[in-house]
Amino acid sequence: MGLFHFGAKGTPENGAPESGARENEPDTTRKPVQSPLTLIMTIRSPEDFETLSVRIHEIQSLPPEQNPIWKALDKLKIVHFARFVFLENNTKLAIITTYDGSFDDYLNEFIDEIGDVFNALLQHMKDAPPLPVQRNRDAFGDYVKANDLGAIEPFYSAYPQATVLDIQAALNDG
Amino acid sequence: MPDLFHSDIQGFILRTYAMPALRVFALKIDEPRAARRFLGRLVDTGHTPQLATATDWTVKPQYCLNVGLTYSGLAALELSASSLASFPKEFAEGAVARAERVGDTGESSPENWKGQFASLDVHVLLFLFAQPEDVLESITRQIRALYCEGGAMSEVSVHEARSLPENKAHFGYRDGFAQPVIEGGLPPVMPDVLPKAPAGEFLFGYPSQYQDFSYPVPQPDPLGRNGSFVAFRILAQDCHGFEQFLTRAARQTGLDRELIAAKLCGRWRNGVPLSLSPQAPGEEIPLEKRNSFDYAPSSSVPDAFDDARGYRCPLGSHIRRMNPRSSVVAGGGGLKHRIIRRGLPYGPPYDPSSPDDGLERGLLGLFIGVSLKDQFEFLMSDWANKGSFAPGLRDTKDPLLGNNSNSRAAFLLPVEHQKRAIELPGMSRFVTCRGAAYCFLPSATAMRYIASLSQ
Numbered sequence: 001m002g003l004f005h006f007g008a009k010g011t012p013e014n015g016a017p018e019s020g021a022r023e024n025e026p027d028t029t030r031k032p033v034q035s036p037l038t039l040i041m042t043i044r045s046p047e048d049f050e051t052l053s054v055r056i057h058e059i060q061s062l063p064p065e066q067n068p069i070w071k072a073l074d075k076l077k078i079v080h081f082a083r084f085v086f087l088e089n090n091t092k093l094a095i096i097t098t099y100d101g102s103f104d105d106y107l108n109e110f111i112d113e114i115g116d117v118f119n120a121l122l123q124h125m126k127d128a129p130p131l132p133v134q135r136n137r138d139a140f141g142d143y144v145k146a147n148d149l150g151a152i153e154p155f156y157s158a159y160p161q162a163t164v165l166d167i168q169a170a171l172n173d174g
Numbered sequence: 001m002p003d004l005f006h007s008d009i010q011g012f013i014l015r016t017y018a019m020p021a022l023r024v025f026a027l028k029i030d031e032p033r034a035a036r037r038f039l040g041r042l043v044d045t046g047h048t049p050q051l052a053t054a055t056d057w058t059v060k061p062q063y064c065l066n067v068g069l070t071y072s073g074l075a076a077l078e079l080s081a082s083s084l085a086s087f088p089k090e091f092a093e094g095a096v097a098r099a100e101r102v103g104d105t106g107e108s109s110p111e112n113w114k115g116q117f118a119s120l121d122v123h124v125l126l127f128l129f130a131q132p133e134d135v136l137e138s139i140t141r142q143i144r145a146l147y148c149e150g151g152a153m154s155e156v157s158v159h160e161a162r163s164l165p166e167n168k169a170h171f172g173y174r175d176g177f178a179q180p181v182i183e184g185g186l187p188p189v190m191p192d193v194l195p196k197a198p199a200g201e202f203l204f205g206y207p208s209q210y211q212d213f214s215y216p217v218p219q220p221d222p223l224g225r226n227g228s229f230v231a232f233r234i235l236a237q238d239c240h241g242f243e244q245f246l247t248r249a250a251r252q253t254g255l256d257r258e259l260i261a262a263k264l265c266g267r268w269r270n271g272v273p274l275s276l277s278p279q280a281p282g283e284e285i286p287l288e289k290r291n292s293f294d295y296a297p298s299s300s301v302p303d304a305f306d307d308a309r310g311y312r313c314p315l316g317s318h319i320r321r322m323n324p325r326s327s328v329v330a331g332g333g334g335l336k337h338r339i340i341r342r343g344l345p346y347g348p349p350y351d352p353s354s355p356d357d358g359l360e361r362g363l364l365g366l367f368i369g370v371s372l373k374d375q376f377e378f379l380m381s382d383w384a385n386k387g388s389f390a391p392g393l394r395d396t397k398d399p400l401l402g403n404n405s406n407s408r409a410a411f412l413l414p415v416e417h418q419k420r421a422i423e424l425p426g427m428s429r430f431v432t433c434r435g436a437a438y439c440f441l442p443s444a445t446a447m448r449y450i451a452s453l454s455q
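Protein chains in written order, with my numbering: chain G, 1 to 174; chain L, 1 to 455.
It cannot be assumed that every hint is accurate.
Said to hold, decoys possible - Stretches of chain L that chain G covers, calculated by requiring three or more beta carbons in the stretch to come under 8 Å of a beta carbon on chain G: (1) 209-215; (2) 329-336; (3) 391-398.
Unchecked claim - As a list, the in silico DSBU-like pairs of lysine-lysine whose alpha-carbon atoms are at most 30 Å apart: (4) Lys289/L <-> Lys71/G; (5) Lys114/L <-> Lys89/L; (6) Lys419/L <-> Lys373/L; (7) Lys60/L <-> Lys75/G; (8) Lys75/G <-> Lys114/L; (9) Lys28/L <-> Lys75/G; (10) Lys126/G <-> Lys419/L; (11) Lys168/L <-> Lys289/L; (12) Lys373/L <-> Lys31/G; (13) Lys145/G <-> Lys114/L; (14) Lys336/L <-> Lys168/L; (15) Lys336/L <-> Lys196/L; (16) Lys419/L <-> Lys196/L; (17) Lys145/G <-> Lys75/G; (18) Lys71/G <-> Lys373/L; (19) Lys75/G <-> Lys168/L; (20) Lys77/G <-> Lys168/L; (21) Lys419/L <-> Lys145/G; (22) Lys168/L <-> Lys126/G; (23) Lys89/L <-> Lys31/G; (24) Lys336/L <-> Lys145/G; (25) Lys89/L <-> Lys196/L; (26) Lys196/L <-> Lys31/G; (27) Lys31/G <-> Lys419/L; (28) Lys60/L <-> Lys77/G; (29) Lys114/L <-> Lys71/G; (30) Lys31/G <-> Lys289/L; (31) Lys145/G <-> Lys92/G; (32) Lys114/L <-> Lys77/G; (33) Lys196/L <-> Lys168/L.
In case anyone wonders, no lab produced these hints; they're calculated from the structure.
Ideal Cβ positions, reconstructed from N, Cα and C, are used throughout, including at glycine.
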């Protein structure tokens, strides 16, 4: 299917007609389908950090097929990259990802797949939303939005039109 | 799960009426107390007409009457502020405010809507389905007399729809195959092989399709429980434009015109899905088998052809976008955004010999689900009007429903052994929204509750 051919529509490169494009139609080909998430959560206390750190390292040391975060993200197929970082002398935990679409669109699916990981993390956070997140979906969504630093626009992407699904399909094309 | 409380639930949520006529009354509440009394009369046995519930039919009735209330309607009925605040945001904002999100822009934008749907004056929608025309007229007279009583409500607009031969919609496709089967509901008219939908996906008060989650019931409980929502839409169809597109696409590609029509929809015009019959219309496939398919091997259809690339049924076709079944989609929720579709066509059948007859034709569509945001709006914004939910669709949109007014709009037709999909340019917006309203569908108990507010 030529999924690596993300040439702008309406260019000679992909054979679409050059003429006839209406004026004032914005060129959206550089607007990324991907979005940044820079979620910074404040850890309640040094004791909470200790427990949290042990728990995260436990999860991350599991083989991929047993790591609940990897398993969930593999199923969701909207996250390109994800990493955890402790910040500011271990008083904050950052989750930094690049994902497709808008957070709201897949909030329910996200919670269904990875809600329990957040239940484990959020019990150590200051101003955490009510738990479990499965029963408090809007509050969880509001918490993430309120604690997402986003990015200083514009968000750069080397392949602004390619989703996780596009890339995986193209790679499978061989 | 035990059976649902059928006599409390509006009939068209759980049942296909299969009646040939629909008249929709858009009403404005002038006298709240009289309007509340009117709603109470519809659920007070002994009076005619009565609200149609999902109670089992021993004899099919000659008419079915259902009721939808907009948010401004609930306010006009003088529900308490705390009750109004318990309804979801998207319903409170209403179809006009949410138009851009669902692609109702340009020609489809509310400023072009008819029947005053763009105003806040549409408070109540009455849906009257009927079998013989004389019953439609006689019940209409009775309803009109009732809602005029005490100056309760005035008519804002009235909309008519009539079925077309062979259960077809105006683009010529046989319709009505895929409907979710609801746990505890009624047996389906058309067998559905997909997993049953939990009751809470379509009714307030039950576990939903999401883990450990029920959608919050609007308060108080007797008002919200067993209720649902409908997006009512008047959708004009450009049959001439659609047929012209097929002719041009056939000339461009050398493919059969009817094959292109099937690729756009995902079904041949007789309703046979491409997944079951990719090369020919498959007339021999019986009607009741025309919904028994999947796009990938699944628990429902273990031996399904794995059509991951859409060589049989394009990933961007109408039915695959609206119900991706077990296809791989972003978020993995291919079975979690289902919707109940009711409605009937309006306007005369399209006659190719007089393509410019100037007559509007289309569909009075009802799209039912417990969450307008997660069902109707999600389908329109993410699956109809974007391409990022499935691999390789780029920025294409649903070929039938999508906002394809952009001159670069195209349809991608994947072909086996070809690196690139065939691109069919020159799409246009074949379906234009001419009016819409978001309505709460109260249970019989809820209507009694509203009527009791008069006391």
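Notebook entry, point to check: Which numbered hints are broken by the structure, listed smallest first?
Noted result: Those not satisfied are hints 4, 6, 7, 8, 9, 10, 13, 16, 19, 20, 21, 22, 26, 28, 29, 30, 32.
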